[in-house]
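Undergrad: Given next are the chains, with one letter for each unit.
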Amino acid sequence: MKILEIKNLSIQYKISEGNVQAVKNVSFDVEKGESIGLVGESGCGKTTIGMAIMGLLPQNAEITNGQIIFDGEDLLTKTDEEMRKIRWKRISMIFQAAMNALNPVFRIEDQIIEAIMTHSDINKVDARKRVEELYRLVGIDPIRARDYPHEYSGGMRQRAIIAMALACNPDLIIADEPTTALDVLVQDQIISEIIKLQEKLEMTMIYISHDISVIIETCNMLGVLYAGTLVEYAPTSELVSNPLHPYTKGLLGSYPSIKGEIKKLNPIPGEPPDLIDPPSGCRFHPRNPLKEKVCIEKEPELRLIDDRHYVACHLV
Amino acid sequence: MAETLIKINNLSKLYPLKKNLFRKAKEWLPALHNISFDINEGEVFGLVGESGSGKSTCGKILVRLEKATSGQVFFEGTEINSLKGRDLKAFRKKAQMIFQDPYESLNPRRTVFDTLIEPLNVHTVYEELAEPLKAQHIGSRDYRERKIQEVLEKVELKPAEDFLYRYPHELSGGQRQRISIARALVLDPKFIVADEPISMLDASVRASFMNLMLKLKKDFNLTYLFISHDLASARYICDRLGVLFQGEIVEIGPTEMIIQDPKHPYTKMLLSAVPVADPKIKRKRLEGAKMAPIEHSTGCVTCKFYTRCPIASKEKCGEGKPELVSVEDGRFVSCHHIK
Numbered sequence: 001m002k003i004l005e006i007k008n009l010s011i012q013y014k015i016s017e018g019n020v021q022a023v024k025n026v027s028f029d030v031e032k033g034e035s036i037g038l039v040g041e042s043g044c045g046k047t048t049i050g051m052a053i054m055g056l057l058p059q060n061a062e063i064t065n066g067q068i069i070f071d072g073e074d075l076l077t078k079t080d081e082e083m084r085k086i087r088w089k090r091i092s093m094i095f096q097a098a099m100n101a102l103n104p105v106f107r108i109e110d111q112i113i114e115a116i117m118t119h120s121d122i123n124k125v126d127a128r129k130r131v132e133e134l135y136r137l138v139g140i141d142p143i144r145a146r147d148y149p150h151e152y153s154g155g156m157r158q159r160a161i162i163a164m165a166l167a168c169n170p171d172l173i174i175a176d177e178p179t180t181a182l183d184v185l186v187q188d189q190i191i192s193e194i195i196k197l198q199e200k201l202e203m204t205m206i207y208i209s210h211d212i213s214v215i216i217e218t219c220n221m222l223g224v225l226y227a228g229t230l231v232e233y234a235p236t237s238e239l240v241s242n243p244l245h246p247y248t249k250g251l252l253g254s255y256p257s258i259k260g261e262i263k264k265l266n267p268i269p270g271e272p273p274d275l276i277d278p279p280s281g282c283r284f285h286p287r288n289p290l291k292e293k294v295c296i297e298k299e300p301e302l303r304l305i306d307d308r309h310y311v312a313c314h315l316v
Numbered sequence: 317m318a319e320t321l322i323k324i325n326n327l328s329k330l331y332p333l334k335k336n337l338f339r340k341a342k343e344w345l346p347a348l349h350n351i352s353f354d355i356n357e358g359e360v361f362g363l364v365g366e367s368g369s370g371k372s373t374c375g376k377i378l379v380r381l382e383k384a385t386s387g388q389v390f391f392e393g394t395e396i397n398s399l400k401g402r403d404l405k406a407f408r409k410k411a412q413m414i415f416q417d418p419y420e421s422l423n424p425r426r427t428v429f430d431t432l433i434e435p436l437n438v439h440t441v442y443e444e445l446a447e448p449l450k451a452q453h454i455g456s457r458d459y460r461e462r463k464i465q466e467v468l469e470k471v472e473l474k475p476a477e478d479f480l481y482r483y484p485h486e487l488s489g490g491q492r493q494r495i496s497i498a499r500a501l502v503l504d505p506k507f508i509v510a511d512e513p514i515s516m517l518d519a520s521v522r523a524s525f526m527n528l529m530l531k532l533k534k535d536f537n538l539t540y541l542f543i544s545h546d547l548a549s550a551r552y553i554c555d556r557l558g559v560l561f562q563g564e565i566v567e568i569g570p571t572e573m574i575i576q577d578p579k580h581p582y583t584k585m586l587l588s589a590v591p592v593a594d595p596k597i598k599r600k601r602l603e604g605a606k607m608a609p610i611e612h613s614t615g616c617v618t619c620k621f622y623t624r625c626p627i628a629s630k631e632k633c634g635e636g637k638p639e640l641v642s643v644e645d646g647r648f649v650s651c652h653h654i655k
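Heads up: the sequence lines are chains A and B, in that order.
Numbering-wise (the numbering used here), the first sequence opens with residue 1 and increments by one.
Numbering-wise (the numbering used here), the second sequence opens with residue 317 and increments by one.
Derived by calculation from the structure, the hints in this document are not laboratory data.
Note that this is a predicted model, so its numbers are computed, not measured.
Positions of the beta carbon are idealized from the N, C-alpha and C atoms, including for glycine.
Be a bit skeptical, because a hint or two may be false.
[Stated by the list, open to error] Quick list of simulated restraints, FRET-style, between CB atoms: (1) 120/A - 531/B: 35 to 41 Å; (2) 486/B - 297/A: 26 to 32 Å; (3) 153/A - 388/B: 34 to 40 Å.
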């Protein structure tokens, strides 16, 4: 069953230098119980997509085209009040581990209780019980719920943020770089925690990260974004063994591995484009040594190649 | 056998806690505790560990941005902690550093040219030059301009003229980091400390920066200290690795040996935590990777890893600090369980 369908989504930001075309014609869908990884470099639009689903885009952002269909309804036509009811209760978000995701002057327990009570009909006593339950679920001693954020380590703070995201049993969780600011060991624990929870609660998740190896470990579908466009979307194992888009190939080839032989890295030449004035046609063509005339002239469309394997490239 | 460029002997660094104008520090935070190792000429030595393990402190001491509390650092046989004045300046010309964040480490109000000419202005005083160099007009502005162009081309910012008068905000992250390394290179240093140089860069840019570093190493006969928390990148670029845990070296040796066959339980834990970009490989997660709160104390009598170690035993590890002992040729581990 499809829980989320994104159709031809385009988003731009208005800044003093002009309009940044942050997301262009992105379409993909999410089945219930699946975890989707969105990977790409900074500025590729991955967080913008996440924020658009949550309805939390900043003031200067404008959705120029497209639909976000969640459970049969287009979220983009909803009013603020209707969105508020969906947010957190049905779609929640795990933010990047930063001090600013938790309020430093309130006890963590109170912050989670507030989230629960705002979004469901439940009294404070039950909400407190729910917090205890959630703390056990994410692996923190419930006694620590009465602490303030500064008393937590980075990893614990991230766990608390995960607990908060799970608070109302949402249908969809968007995890935006949940482990980026953490050390390797803590990152590993949080990832295994997320995988465990996902299996246990059968949650549907969109996992956003710049690190393709983290995504490969956590997600069963993988979408590769480049300069605001979705260039490839496929089941993870298929995408890793048979990458079709030159950018995906380049991205996979530019990560050194800890296992196996040391291979010489073949990075993609050049740097991502400026999205105020993106390249014509395929946005990747300036960095593609094999480009042809059609790449410069025409925008490629996302085509179905194989079972759920989509790619946007003229040369495939 | 390559010659030793840097020899580090029982190096310690303590940072004072709770110090103020009227009170001397009573408590000290040991950022580094009695570490010793050598860096050979022409190699890339990697320091890996978690944040707070003392990697950056060590890097800063090796270029004398920080002074060690005790212990010695020998650079080409000269002890650098006691260097002063002219000698210190001469040393700084030979040992340079590049920093993690290219957005912070370049002055936003200086053009690339201004940034790159500054070290040359500071370090080449015409009157002090030896006669043959004077004949080449090394101190002249003309020479400096030529040098800057040459270095910019070496770091693959071509054509150099296009970049000379740009400001940092007109450059991308990768280009900025290239300027950082160019700024170090204009002085023809022998040794460069690279403190997490790629962690702020995007994946596709990261790989090309590492390849560039390796190329420059050959072109300029450099020696690097590469500080990183990313083991996969360290593996790609380093010849030897030192693993730091809470200010102490727990394992040191050739990179491949450590990656393929880690001996210290901490190294094993660290390696097992690196995600693998291959869905066919299922990583085994080490149990017992508990995160005990980090307690820094000078009078620590047990192995520092004791509280988190999966194989710790009270009789052996609870008493006495392990020493760094040689296990194989060129390989040292500090653990009571390894003989």
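Undergrad: Next, verify each hint and record whether it holds.
TA: So, going through the hints one by one against the coordinates:
Taking 35 to 41 Å as the suggested C-beta distance range, the pair residue 120/A and residue 531/B does not conform, at roughly 59 Å. Under the hint 26 to 32 Å, the C-beta atoms of residue 486/B and residue 297/A, about 29 Å apart, fit the expected range. Between residue 153/A and residue 388/B the CB atoms are about 35 Å apart, so this pair conforms to the stated range of 34 to 40 Å.
Figure legend: structure checked against the earlier numbered hints; the only hint not met is number 1.
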